[in-house]
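Protein chains in written order, with numbering that gives the first Met the number 0: chain A, 0 to 174; chain D, 0 to 128; chain V, 0 to 644.
In case anyone wonders, no lab produced these hints; they're calculated from the structure.
All C-beta atoms, glycine included, are put in the ideal place defined by N, C-alpha and C.
Relax, there's no trap hidden among the hints.
Dumping the calculated DSBU-like pairs for lysine-lysine here, alpha-carbon to alpha-carbon at most 30 Å:
| id | chain 1 | residue 1 | chain 2 | residue 2 |
| --- | --- | --- | --- | --- |
| 1 | V | K469 | V | K204 |
| 2 | D | K127 | V | K266 |
| 3 | V | K204 | D | K127 |
| 4 | V | K204 | A | K2 |
| 5 | V | K204 | V | K266 |
| 6 | V | K266 | V | K470 |
| 7 | A | K2 | D | K127 |
| 8 | A | K172 | A | K147 |
| 9 | A | K147 | A | K174 |
| 10 | A | K91 | A | K172 |
| 11 | A | K83 | A | K172 |
| 12 | A | K147 | A | K38 |
| 13 | V | K469 | V | K266 |
| 14 | A | K91 | A | K174 |
| 15 | A | K2 | V | K266 |
Sample of chain A residues at the chain D side, in silico, Cβ under 8 Å:
| id | residue |
| --- | --- |
| 16 | L131 |
| 17 | G134 |
| 18 | S136 |
Footprint (simulated), chain D over chain V, 3 or more residues, beta carbon under 8 Å:
| id | region |
| --- | --- |
| 19 | 223 to 234 |
| 20 | 360 to 368 |
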Amino acid sequence: MKKLFWLLPLLFFAGLLALMGGNLGKPTEAVIVSHMIGKPVPAFAFEGTAGAEGLSRADLSAGGPPVLVNVFASWCLPCAVEAKQLQALADKGATLHGIAVRDTADNVARFLGKHGNPFSRIGLDTQGRMMLALGASGVPETYVIDGKGIIRFQHLGEIRAEHVPILLAQLEKAK
Amino acid sequence: MKALLLALLLLLPAPMLAADPVAIADVPLEDPAAEARAKALMLELRCLTCQNQAIIDSNAPQAQTMRVEVRERISAGEDPEEIRAWFVERYGDWVSFVPPARTDTALLWAAPFLFLVLGGLLLMRRIKR
Amino acid sequence: MIPELGHFALWLAAAAALLQSIAPTVGLWRNQDALFGLAVPAALAQGVFTLLSFAALTWAFVVSDFSVALVATNSHTMKPDMYLFTGVWANHEGSLLLWVLVMALAGAGVALAPATLGPRFRARVLSVQGLVALGFFAFLLFSSNPFDRLSPAPTEGQGLNPLLQDLGLAVHPPLLYIGYVGLSVTFAFAVAGMLENVVGPAWAKATRPWVVGAWAMLTLGISLGSYWAYYELGWGGWWFWDPVENAALMPWLAATALIHSIAVVMKRDALRAWTLLLAVSAFSLSMLGTFIVRSGLLTSVHAFAVDPERGLFLMILMALYIGGALTIYAFAAGRVAEGRQFAAVSRESALVANNLLLTVILGVVLVGTMYPMALQAAGGAQISVGPPYFNMTIVPIVIIMAFLMGIAPLLGWRRSATAHLAARLLPAAIGATLAVVVAVAFLGVRGIGALLGFGAAVWLAAASMSILVKKGVTLNSAGMALAHLGVAVTILGATVSGALQREALVAMRVGDAIQMGPWRAELMDVRPVAGPNWTAVEARLDVRRNGESVAVLRPQSRMFVAPAQETTEAGRAGWWTGELYSVLGQPDGTGQWQVHLWFKPMVRLIWLGSLLMAFGGMLALGGRVRAPKPKREAQMSGSPIPQAA
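Go ahead and model the full structure; you've got the sequences and the hints to work with.
Right under this line is the structure:
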């Protein structure tokens with residue numbers, strides 16, 4: 000019994016090693032997923048910009064088919080990269096709304112002029128508070144919101160070609 | 000060399016510099032007690048886009064937005080714990096530097112006591128009665 | 000040519016380490032003196048060749064030889080000369096080379112030091128040291144070669160991370176490594192002690208200088224890191240319980256406990272098994288720390304460029320060395336443990352209590368650092384364990400320790416008289432009470448934590464000073480008292496700068512002024528300035544106190560050239576009473592600038608205290624030297640009486 004006592008440090012170390020070894024190679028950046036999935040979109044109302052009408056909760060919970068809400072900004076490089084895929088989604092019949100965060104009307108107009116404008120409505124959120132309300136941890140992020148205004152799905156980061164069918168499927172599912 | 004660098008900096012046309020997020024100034028609350036409560040909470044909320052920093056000392060855009068949110072809610076009379084809960088509701092426990100007190104963190108919070116008790120027992124064996 | 004020579008020297012050093020680890024082991028096993036006599040020359044050879052290798056890499060950096068891949072990725076001709084030199088270790092491969100350099104020099108030190116426990120034991124120590132070094136040489140040569148060439152060589156390097164272009168951060172790694180790696184000698188002494196079965200007072204006496212020396216350097220290294228974070232990261236915090244900080248703190252906690260328990264082995268030949276465990280753990284924690292910061296396992300604001308492959312190699316080394324040592328421990332500890340009991344009120348018991356509390360802190364730091372990862376691995380939620388957890392759990396223990404630290408040095412060995420304690424501690428008790436009263440009544444301090452901090456700091460300071468002023472105090476006692484005084488000073492600095500800090504955050508135009516308590520800071524101008532490899536926007540704040548100009552603060556928002564990175568440089572002015580700390584924020588486009596201004600009273604005491612700790616520790620190595628005084632008084636005061644070793 001006494002002998003086993005002196006083995007404890009080794010056993011403890013082995014456990015620690017196992018824990019660390021198992022976690023080696025896993026990405027360190029914590030991926031912070033929104034906890035708002037399944038909950039209603041909080042109340043908000045943003046003025047329109049770049050020639051489009053503004054966006055508010057009323058627009059999202061008025062019934063009708065599920066929509067995609069894309070949180071973007073003119074200063075966000077991945078947003079420029081995903082513009083093509085957003086257009087692809089629009090072409091396939093999806094309704095896209097945009098929320099430009101921490102941005103100015105001029106910069107948004109310039110960005111959309113350069114990369115294309117797939118949005119039906121665009122809200123200008125100069126303070127970026129909508130990101131907190133949605134549980135977004137960065138830009139860009141895209142949300143599937145159903146006709147009743149419930150957040151059904153979150154896509155983190157830019158949309159790539161392989162994500163387009165996934166988002167379309169999520170839109171179907173949310174009907 | 001220095002002069003050359005300065006000249007170069009001044010010559011850079013504005014559009015060449017990367018666009019920045021709209022700046023949000025940190026305006027402290029008028030009431031010092033409220034500002035103190037806000038700061039205390041900012042020390043405990045985690046910046047979402049940083050490598051382990053609290054929102055109080057991060058220059059990241061989203062940290063700035065979070066500071067505005069905290070100050071606004073404090074001045075609206077909300078309790079710091081309510082505000083923390085609001086953030087946790089959206090981002091999960093990860094956003095708070097204070098670990099929750101639940102069954103899955105019981106060992107974490109109990110650790111100091113467990114170590115003290117365990118150590119105390121070992122210490123007692125060494126003391127002559 | 001020189002980088003190739005450096006590479007060759009590194010191979011030779013590795014060969015010497017191989018010889019150093021095998022020859023004595025075989026020699027001791029077969030009892031062949033000639034073989035184990037090779038330990039000393041091998042250790043010296045390892046030292047010389049590693050030094051040559053390091054010199055070669057330094058040369059490559061200093062002359063900006065971009066054909067060496069490491070120099071190309073981490074250096075730049077526009078870097079100021081000093082950072083060309085310190086850039087050698089500001090990257091993974093170079094810092095590993097520094098690691099093995101310190102290890103090799105430490106081994107050479109052991110080889111040159113008198114063999115107080117006999118040549119057999121020294122050979123055993125060197126063979127363990129050589130074996131450990133061998134693993135790191137293998138890591139360097141097979142996976143992290145600093146001398147890899149780039150062909151064709153670029154004409155310019157990619158530059159050094161601006162945050163690292165700083166004197167404090169440049170000196171921080173060498174100090175830290177001397178500490179970390181110095182503990183490898185302690186590790187070797189412990190393993191050798193177990194293998195040769197010589198753990199006792201003589202062993203403790205021989206090991207002690209290595210423990211204290213490594214500990215002192217580790218204290219300085221951690222302190223410098225904290226000071227750097229304070230002035231560089233831009234908001235005046237000095238400890239965040241970040242994983243990288245914790246990784247450095249854990250070996251320090253083990254080493255501190257070890258310094259104290261080794262005294263019990265020296266004086267009473269007790270706590271042997273525990274001391275061995277601490278000695279093995281201290282270096283194990285050093286290796287764990289190095290692993291954590293390089294493997295990318297934990298998210299940290301201080302994280303180095305991370306690579307899981309490097310992590311794997313380090314993990315294998317840890318499994319071999321720590322696993323090996325703890326396996327030996329499992330067999331040897333039972334033989335060594337004596338289970339002696341101590342009187343309740345005695346120096347030994349106090350030291351056991353000290354070890355208990357330090358180990359509890361160590362445990363809490365380890366658990367807190369690893370818990371989020373463990374919880375997530377077990378399929379649970381993502382949580383964050385940050386300063387609130389560590390402060391809440393650890394600060395109370397520190398306060399208790401400060402209280403006990405006032406009493407323990409006054410206790411005698413074996414069974415201590417207690418009659419004299421009350422009288423000797425009365426000044427400290429009065430001082431502590433006064434401090435709390437002053438804090439509440441005159442300084443407006445209300446927080447219970449801050450008040451306890453005030454009381455504990457003054458108590459410990461007064462109790463420690465009472466030892467220093469005694470006639471005939473030995474270097475040993477004086478060193479200990481100074482080190483404890485250092486702890487008190489740090490606690491005081493942390494408490495005062497936290498509780499009595501003043502702060503102002505204002506949007507200012509040129510010509511505006513802020514009033515912060517007795518200080519009035521006027522924004523004189525904001526203009527562009529340039530340095531050797533950076534340009535900045537610098538604000539000039541003229542600070543007056545009671546009408547008199549006391550300081551000009553120059554906070555900067557700085558943009559480095561290679562690589563392009565923005566940093567904020569705080570504008571500071573300091574006196575022994577505290578520091579003014581200013582940060583320049585963003586302009587809001589209307590001609591206003593965000594200016595953040597603090598006064599942090601007594602903040603420098605935090606690091607001054609750690610200087611005292613390190614100095615006190617080194618002083619205590621001086622031992623029994625003291626002024627002549629009657630023996631009777633020495634007995635009553637409880638300070639160590641000279642005895643034959």
